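Work out the full structure, taking the sequences as your base and the hints as a guide.
Protein chains in written order, with my numbering: chain A, 1 to 351; chain B, 352 to 462.
It should be emphasised that the hints constitute simulated quantities derived from the structure, not laboratory data. Since the structure is predicted, the reported quantities are computational estimates derived from the model, not experimental observations. Errors might be hidden in some of the hints.
To be verified - Derived DSBU-like pairs (lysine-lysine); straight-line CA-CA distance at most 35 Å:
#, chain 1, residue 1, chain 2, residue 2
1, B, LYS363, A, LYS41
2, A, LYS171, B, LYS397
3, B, LYS364, B, LYS419
4, A, LYS41, B, LYS428
5, A, LYS199, B, LYS419
6, B, LYS378, A, LYS277
7, B, LYS378, B, LYS364
8, B, LYS385, A, LYS228
9, A, LYS145, B, LYS378
10, B, LYS459, A, LYS171
11, A, LYS41, B, LYS419
12, A, LYS3, B, LYS428
13, A, LYS189, B, LYS397
14, B, LYS397, B, LYS428
15, A, LYS204, B, LYS397
16, B, LYS378, A, LYS7
17, A, LYS85, A, LYS97
18, A, LYS229, B, LYS354
19, A, LYS41, A, LYS4
20, B, LYS385, A, LYS171
Claimed, not checked - Okay, the calculated beta carbon distance ranges per label pair:
#, chain 1, residue 1, chain 2, residue 2, range
21, B, LYS428, A, ASP148, 54 to 60 Å
22, A, TYR232, B, LYS428, 20 to 26 Å
23, B, ASP415, A, LYS229, 27 to 33 Å
24, B, ALA360, A, ILE126, 50 to 56 Å
25, A, ASP318, B, LYS385, 52 to 58 Å
Think of the CB as a built atom: it goes at the ideal place given N, C-alpha and C, for glycine as much as any other residue.
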Amino acid sequence: MLKKSLKQRKSELANTQRQLDILSNGIFQNNELPTFASTLKNINAHPLQPNTVEILQINLGYMCNQVCAHCHVDAGPDRKEIMTKATMQQCLDVLKKSKVHTLDLTGGAPEMNPNFRWFVEEAHKIGVNDFIVRSNLTIIMANKKYNDLPEFFKKHNIHVVSSMPHWTRNKTDQQRGEGVFNASIEALKKLNNVGYGTKESNLKLDLVYNPSGAFLPGDQNSLELDFKKALYDDFGIEFHQLFAITNLPISRFLDYLLASENYEDYMYTLVEAFNPKAVDNVMCKNTISVGWDGFLYDCDFNQMLNLKLKGPMVHIKDFDEELLKNRTIQIAQHCYGCTAGAGSSCQGSVV
Amino acid sequence: MSKTYYDPADLKKFTNISEWNEELGQKFFDYYGKVFEEGALSAREKSLIALAVAHVVKCPYCIDAYTKDGLQRGITKEEMMEAVHAGAAIESGATLVHGVQMMNKYNKLSM
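The structure is reproduced here in structure tokens:
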């Protein structure tokens, strides 16, 4: 079971350039597989260009109470990168003037940022249509000071999106750590108790499923039915939607793929499953990812590879919607993860 | 370099069989695709049947393919192993039921 981040372990993969090199060498260098750029060229979608920004996804920091084996953030208790109140204020200033309709807070465990509640209260006052917090669930049970999060979420009409890799204990704990399944179940019950996820409720509770291994997620609707049945039959738990998300070959998941000798097969699987229809709806088209230090990225994955926005505007303090529209999106081979099969985004399948 | 009859990389080349007979290849893959669609049986149930049969016909390509397919569908390892046992039970049963033929013959020839 993992206890430390790649960074703490001083793994070579903690170096993002090393990751990008791996993703560009070998099977992609010798033309065994086409690069993502050449695949986009074949369908006349290169360079990849964005639509209007609709979603601001803000990473409040890489600190997390869990050390999940697949984590693309390389998050964990040993990560100290945390968004400051000053940067949060810059995000709020942008929210006030922009047309963004969805605010999506992520991490690490965003709730561990000491200014998390202040930020949520301030952002709630500004008002967005959809205010998402990506909660790992176990944080709610981790410490007394987090036990009232379900009530706090309810008070601010937060849309809770939570990770749940499987409806069985074994599979969940294998990916996310010993005891995660039980704590997640208890947290889901607490959320249900305050009204989250129940049939007629406006308090939205969605779950995120990502495969615990070197394979793609199956059909999102079938998985949702299986999850709903199992969680209700076994624990009386209800939720709204299941988002099936593909693991992208970066950070700790890349480390796992390499160590288990699954890397090449996994890249083959992603490339063979390339779906041109998914390209139209990839999340980088309508999302901007804000790093803990205020730097801007086309998506959370690019953030973790330190692929900053192309162009003159790289920081939240310079946010300009018009400039954003004219940029081209930074791509590399990891992007195949978002275009495989039914596609993948932070909102699940895209086709 | 060691050579084997089976190469995992050949599974990716399966569709190449159409290159030497496009009509039959195409008909087979159309049929194959249709068989595994949702029907009176769910695609999930069919995946488990395929996994059991893969073991009975001892097809390493099919075992790889339907283990991965099962994982993608969220099928548990317990379900997969039970499917393999169902296949193995039929296969061993098919052997053992011939024991009746052996007994019949034995009895016929014996005084």
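Going down the list of hints, with the structure as the test:
1. At most 35 Å may separate the alpha-carbon atoms for a hinted pair to count; LYS363(B) and LYS41(A) meet this at roughly 24 Å.
2. With a CA separation close to 23 Å, the supplied pair LYS171(A) and LYS397(B) stays within the 35 Å bound.
3. Note on LYS364(B) and LYS419(B): the hinted pairing holds, with a Cα-Cα distance of about 17 Å set against a maximum of 35 Å.
4. In summary, the hint linking LYS41(A) to LYS428(B) is not supported, as the alpha carbons are separated by about 41 Å, beyond the 35 Å threshold.
5. A distance of roughly 33 Å separates the Cα atoms of LYS199(A) and LYS419(B); the hinted pair therefore holds under the 35 Å criterion.
6. With a C-alpha separation of about 26 Å, the suggested pairing of LYS378(B) with LYS277(A) holds against the 35 Å cut-off.
7. Only pairs whose Cα atoms come within 35 Å are accepted, and LYS378(B) paired with LYS364(B) is accepted, the gap being roughly 17 Å.
8. For a cut-off of 35 Å, the pair hint linking LYS385(B) to LYS228(A) stands: about 27 Å separates their Cα positions.
9. For the proposed pair LYS145(A) and LYS378(B), the alpha carbon gap of about 63 Å is over 35 Å, so the pair is violated.
10. Between LYS459(B) and LYS171(A) the alpha-carbon distance is near 56 Å, which puts this suggested pair outside the 35 Å criterion.
11. At most 35 Å may separate the alpha-carbon atoms for a hinted pair to count; LYS41(A) and LYS419(B) meet this at roughly 30 Å.
12. This hinted pair checks out: LYS3(A) and LYS428(B) have alpha carbons roughly 26 Å apart, not beyond 35 Å.
13. With a C-alpha separation of about 34 Å, the suggested pair LYS189(A) and LYS397(B) falls inside the 35 Å cut-off, and the hint holds.
14. Taking the CA atoms of LYS397(B) and LYS428(B), the gap is near 16 Å; set against the 35 Å cutoff, the hint holds.
15. With a C-alpha separation of about 34 Å, the suggested pairing of LYS204(A) with LYS397(B) holds against the 35 Å cut-off.
16. With a CA separation close to 52 Å, the supplied pair LYS378(B) and LYS7(A) exceeds the 35 Å bound.
17. Annotation: proposed proximity of LYS85(A) to LYS97(A) holds, straight-line Cα distance about 19 Å (limit 35 Å).
18. Our distance criterion of 35 Å between C-alpha atoms is broken by LYS229(A) and LYS354(B), whose separation comes to about 48 Å.
19. Note on LYS41(A) and LYS4(A): the hinted pairing is violated, with a Cα-Cα distance of about 40 Å set against a maximum of 35 Å.
20. Between LYS385(B) and LYS171(A) the alpha-carbon distance is near 31 Å, which keeps this suggested pair within the 35 Å criterion.
21. Under the hint 54 to 60 Å, the C-beta atoms of LYS428(B) and ASP148(A), about 38 Å apart, miss the expected range.
22. At roughly 23 Å, the beta-carbon separation of TYR232(A) and LYS428(B) lies within the given 20 to 26 Å, and the hint holds.
23. At about 29 Å, the beta-carbon gap between ASP415(B) and LYS229(A) stays in the expected band of 27 to 33 Å.
24. Restraint check, ALA360(B) to ILE126(A): a C-beta distance of roughly 55 Å satisfies the suggested window 50 to 56 Å.
25. In this structure the supplied range 52 to 58 Å holds for ASP318(A) paired with LYS385(B), their Cβ-Cβ distance being about 55 Å.
Hint check: violations occur at hints 4, 9, 10, 16, 18, 19 and 21; the rest are consistent with the structure.
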